[in-house]
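Note that the protein sequences, when read in sequence, are chains L and Y.
Heads up: the first sequence begins at 1 in my numbering, then just goes up one per residue.
Heads up: the second sequence begins at 1 in my numbering, then just goes up one per residue.
Calculated from the structure, these hints are not laboratory results.
Fair warning: this is a prediction, and the values are worked out from it, not measured in the lab.
Any given hint might turn out to be false.
Below 20 Å or equal to it, Euclidean Cα-Cα: the simulated PhoX-like pairs (lysine-lysine) are [said to hold, decoys possible]:
#	chain 1	residue 1	chain 2	residue 2
1	Y	Lys115	Y	Lys40
2	Y	Lys408	Y	Lys432
3	L	Lys201	Y	Lys408
4	L	Lys3	Y	Lys273
The chain contents come next:
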Amino acid sequence: MGKTTKQLAKLSEGESLEDFVGPLGTPADIRKLGTVILVGGGVGVAPIYPQAKAYTKAGNRVISIIGARNKDLLILEDEMGKASTELYIATDDGSKGHHGFVTDIMKRILDSGEKVSRVVIIGPPIMMKVGAGVAFPYDVEILVSLNSIMVDGTGMCGGCRVTVDGKTKFTCVDGPEFDARKVDFVELMNRLAMYRGEETKAVEKYEEECRCGLH
Amino acid sequence: MQELHDEKTGKAKKERTPMPEQPADVRRMNFNEVTLGYRKEDALTEASRCLSCKDPKCVEGCPVNVDIPGFIKLVCEEDFAGAIEKIKGTNALPAICGRVCPQETQCEALCVLGKKGQPVAIGRLERFCADYEHQKGVKVPEIPEPTGKTVAVVGSGPAGLTAAADLAKLGHKVTIFESLHKAGGVLSYGIPEFRLPKEIVRQEVEYIKQLGVEFRPNYIIGRIKTLDELCDEFDAVFLGTGAGLPSFMGIPGENFNGVYSANEFLTRVNLMKAYDPLYETRVRRGNHVVVVGGGNVAMDSARSALRLGADEVSIVYRRGEDEMPARREEIEHAKEEGIIFRLLTNPVRILGDEKFNVTAVECVKMELGEPDKSGRRSPVPVDGSEFTIPADVVVIAIGTSPNPIIFKGSEGLEQNNRGTVVADEETGATSKCGVFAGGDVVTGAATVISAMGAGKKAAKAIDEYLKEK
Ligand SMILES: Cc1cc2nc3c(=O)[nH]c(=O)nc-3n(C[C@H](O)[C@H](O)[C@H](O)COP(=O)(O)OP(=O)(O)OC[C@H]3O[C@@H](n4cnc5c(N)ncnc54)[C@H](O)[C@@H]3O)c2cc1C
Ligand code: SF4
Ligand code: FES
Numbered sequence: 001m002g003k004t005t006k007q008l009a010k011l012s013e014g015e016s017l018e019d020f021v022g023p024l025g026t027p028a029d030i031r032k033l034g035t036v037i038l039v040g041g042g043v044g045v046a047p048i049y050p051q052a053k054a055y056t057k058a059g060n061r062v063i064s065i066i067g068a069r070n071k072d073l074l075i076l077e078d079e080m081g082k083a084s085t086e087l088y089i090a091t092d093d094g095s096k097g098h099h100g101f102v103t104d105i106m107k108r109i110l111d112s113g114e115k116v117s118r119v120v121i122i123g124p125p126i127m128m129k130v131g132a133g134v135a136f137p138y139d140v141e142i143l144v145s146l147n148s149i150m151v152d153g154t155g156m157c158g159g160c161r162v163t164v165d166g167k168t169k170f171t172c173v174d175g176p177e178f179d180a181r182k183v184d185f186v187e188l189m190n191r192l193a194m195y196r197g198e199e200t201k202a203v204e205k206y207e208e209e210c211r212c213g214l215h
Numbered sequence: 001m002q003e004l005h006d007e008k009t010g011k012a013k014k015e016r017t018p019m020p021e022q023p024a025d026v027r028r029m030n031f032n033e034v035t036l037g038y039r040k041e042d043a044l045t046e047a048s049r050c051l052s053c054k055d056p057k058c059v060e061g062c063p064v065n066v067d068i069p070g071f072i073k074l075v076c077e078e079d080f081a082g083a084i085e086k087i088k089g090t091n092a093l094p095a096i097c098g099r100v101c102p103q104e105t106q107c108e109a110l111c112v113l114g115k116k117g118q119p120v121a122i123g124r125l126e127r128f129c130a131d132y133e134h135q136k137g138v139k140v141p142e143i144p145e146p147t148g149k150t151v152a153v154v155g156s157g158p159a160g161l162t163a164a165a166d167l168a169k170l171g172h173k174v175t176i177f178e179s180l181h182k183a184g185g186v187l188s189y190g191i192p193e194f195r196l197p198k199e200i201v202r203q204e205v206e207y208i209k210q211l212g213v214e215f216r217p218n219y220i221i222g223r224i225k226t227l228d229e230l231c232d233e234f235d236a237v238f239l240g241t242g243a244g245l246p247s248f249m250g251i252p253g254e255n256f257n258g259v260y261s262a263n264e265f266l267t268r269v270n271l272m273k274a275y276d277p278l279y280e281t282r283v284r285r286g287n288h289v290v291v292v293g294g295g296n297v298a299m300d301s302a303r304s305a306l307r308l309g310a311d312e313v314s315i316v317y318r319r320g321e322d323e324m325p326a327r328r329e330e331i332e333h334a335k336e337e338g339i340i341f342r343l344l345t346n347p348v349r350i351l352g353d354e355k356f357n358v359t360a361v362e363c364v365k366m367e368l369g370e371p372d373k374s375g376r377r378s379p380v381p382v383d384g385s386e387f388t389i390p391a392d393v394v395v396i397a398i399g400t401s402p403n404p405i406i407f408k409g410s411e412g413l414e415q416n417n418r419g420t421v422v423a424d425e426e427t428g429a430t431s432k433c434g435v436f437a438g439g440d441v442v443t444g445a446a447t448v449i450s451a452m453g454a455g456k457k458a459a460k461a462i463d464e465y466l467k468e469k
């Protein structure tokens with residue numbers, strides 16, 4: 001969680017941001033496919049939730065799997081339950097649902113022989129990478145939603161570039177959803193780490209200021 | 001002062017009056033403006049060099065045909081308010097043009113004094129007049145009765161701002177849609193503070209707002225609203241969306257951390273103020289910075305990197321210095337500041353370490369080959385001449401093309417194969433009814449003044465179109 005997220009969390013009702021832009025990117029291609037598995041990890045559950053509603057509305061059987069490190073960090077459980085045909089939960093420490101990874105549940109469903117048309121995985125890049133690896137051998141479309149570092153969100157800077165199928169793509173306009181089998185996750189994770197030092201410092205400074213009652 | 005430059009002392013007349021500037025060793029450490037502008041005495045001395053030619057060549061060299069001898073004569077008479085009014089009759093953004101126009105290839109290239117000595121420093125005089133006006137406070141002209149017609153302007157670079165100002169002055173209701181949070185286009189995000197202070201851009205934008213133009217930032221046409229929707233909601237549309245899509249070289253290693261497009265690098269520095277410790281929006285500060293390209297964008301990137309504190313900054317360009325498209329003044333300034341020029345050199349590969357950080361650029365030497373059909377000698381690689389330049393930041397400034405996002409979700413706008421919008425040169429009319437375009441989105445990356453000129457012509461054509469509609 002970065003400094004700006006923390007700042008956002010402190011806003012109260014009626015307060016606003018000076019600048020806000022969107023929607024950006026290419027809209028998700030949501031239509032009736034049959035059965036769809038939606039996998040959300042950590043805060044990745046937030047973007048999975050509107051997808052669950054939309055896939056359900058389009059007439060799909062929606063199997064959602066959401067997870068977090070522990071039950072206190074799990075979000076949108078009730079909402080996801082309502083929006084999906086079936087909901088599974090996994091926590092790393094076993095405090096709720098399956099003790100283990102969301103991808104374990106996904107594999108079980110894929111192994112069950114049920115015909116699944118598409119898997120959508122949204123979460124931390126390492127989870128998407130692992131998830132894509134698990135689903136790789138199955139005859140199913142796998143989509144991931146990438147979150148590379150962005151500046152403008154309009155295709156103007158190229159900071160958000162990712163390699164997909166050996167070609168450079170701009171996540172903000174060509175994405176955020178890409179065919180998981182073709183994404184260079186190692187590059188993505190490395191690029192996401194580019195400002196980690198500065199990010200950590202900014203959070204520390206902000207928290208220190210909060211402690212001193214400055215915010 | 002004036003006597004010194006009498007006809008008889010012809011000698012003094014050969015040399016133009018220098019403009020005060022920050023010394024190179026000082027300015028390379030800060031982001032303040034490099035050139036300080038003429039003082040009144042400088043302006044009077046320089047203006048007195050002008051011969052007031054009957055058939056002034058300089059005017060022909062100016063893309064918007066500013067009445068150059070006319071305004072210079074008023075400077076001589078110390079009527080600076082009259083001078084700026086004269087300039088503004090044709091050029092809406094003189095404080096900007098006086099700073100960034102490539103005068104040496106435009107008006108000053110044709111000045112008769114240039115044949116035997118140095119041409120009149122037209123740009124510096126223009127800037128002097130504009131700065132004089134800003135100090136005195138800018139008058140907002142009276143806005144005529146509203147015509148009841150509405151125009152959407154997409155993009156707030158020089159093309160969009162000029163079109164908006166002219167249309168507002170004609171009484172049309174103008175709304176500017178801009179995808180970024182700040183107005184100005186390249187003037188805000190691209191050209192650095194030390195060359196064009198953002199305060200000047202802000203004042204120009206403020207002036208345009210005072211004309212009654214509504215400004216909608218954070219508004220991406222093609223995404224939030226389509227061009228077709230704009231056409232339905234407004235009586236006419238002007239597209240001044242520029243050429244903002246960065247080109248990469250397509251060589252291995254381009255995605256290593258520390259490799260930036262010039263757009264990203266300069267946006268982080270200018271718009272996101274990465275040079276200011278008060279801001280937490282960062283850019284990587286390199287020790288060894290390599291900038292690829294030979295235009296203004298490359299010079300600006302290199303000089304920004306230097307000011308961020310790099311030990312060594314080099315420009316890698318595949319042709320020779322004479323072929324560099326950058327303004328002469330920027331090349332000279334860059335050299336004075338210690339930027340290394342590696343000419344006839346072309347990157348072939350970018351190298352990185354296990355942490356995915358860039359470490360070096362592998363280059364090959366080039367030589368000029370046989371002239372091609374256009375008579376230009378194109379560079380060809382010299383076999384076996386590969387060498388590497390250590391680098392922890394690489395900035396790619398090899399060009400841009402129009403951002404295709406504007407075309408999303410709408411039809412009927414003809415483009416050519418370079419991605420530019422096809423528009424009539426005189427009117428800016430496009431293949432889509434009621435849609436006009438001008439500036440870099442039509443020409444590809446060009447200049448501030450040509451974008452302004454296009455905005456001006458289009459405003460006139462839009463006005464006529466609205467009258468007939
Ligand atoms: C670093 C740099 C240095 C330069 N130096 C010089 C110089 O010294 N002298 C000179 O004459 N020229 C210089 N140029 C070139 C000059 O700046 C451009 O030619 C000029 O700005 C083009 O003006 P424009 O109005 O056509 O477009 P731009 O200035 O590019 O403005 C276009 C605007 O449209 C917005 N936009 C784009 N798409 C959309 C959309 N879909 N919806 C809403 N808004 C959109 C963009 O955000 C931008 O603000 C330089 C360029 C750069 C990048
Ligand atoms: S050509 Fe040179 S000398 Fe003649 S009017 Fe123009 S600026 Fe003055
Ligand atoms: S965020 Fe700048 S191009 Fe994608």
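TODO: Below or equal to 20 Å on CA atoms is what counts here, so check lysine 115 of chain Y against lysine 40 of chain Y.
DONE: Between lysine 115 of chain Y and lysine 40 of chain Y the Cα gap is close to 27 Å, so the pair fails against 20 Å, i.e. violated.
20 Å Cα cutoff - pair lysine 3 of chain L, lysine 273 of chain Y:
holds, 17 Å
- Item | Restraint status (C-alpha distance of lysine 201 of chain L to lysine 408 of chain Y at most 20 Å) | violated, 40 Å
Starting from lysine 408 of chain Y, check that the Cα of lysine 432 of chain Y is at most 20 Å away, please. With a Cα-Cα distance of about 14 Å, the restraint between lysine 408 of chain Y and lysine 432 of chain Y holds, given a limit of 20 Å.
This entry does not satisfy hints 1, 3, going by the numbered hints stated previously.
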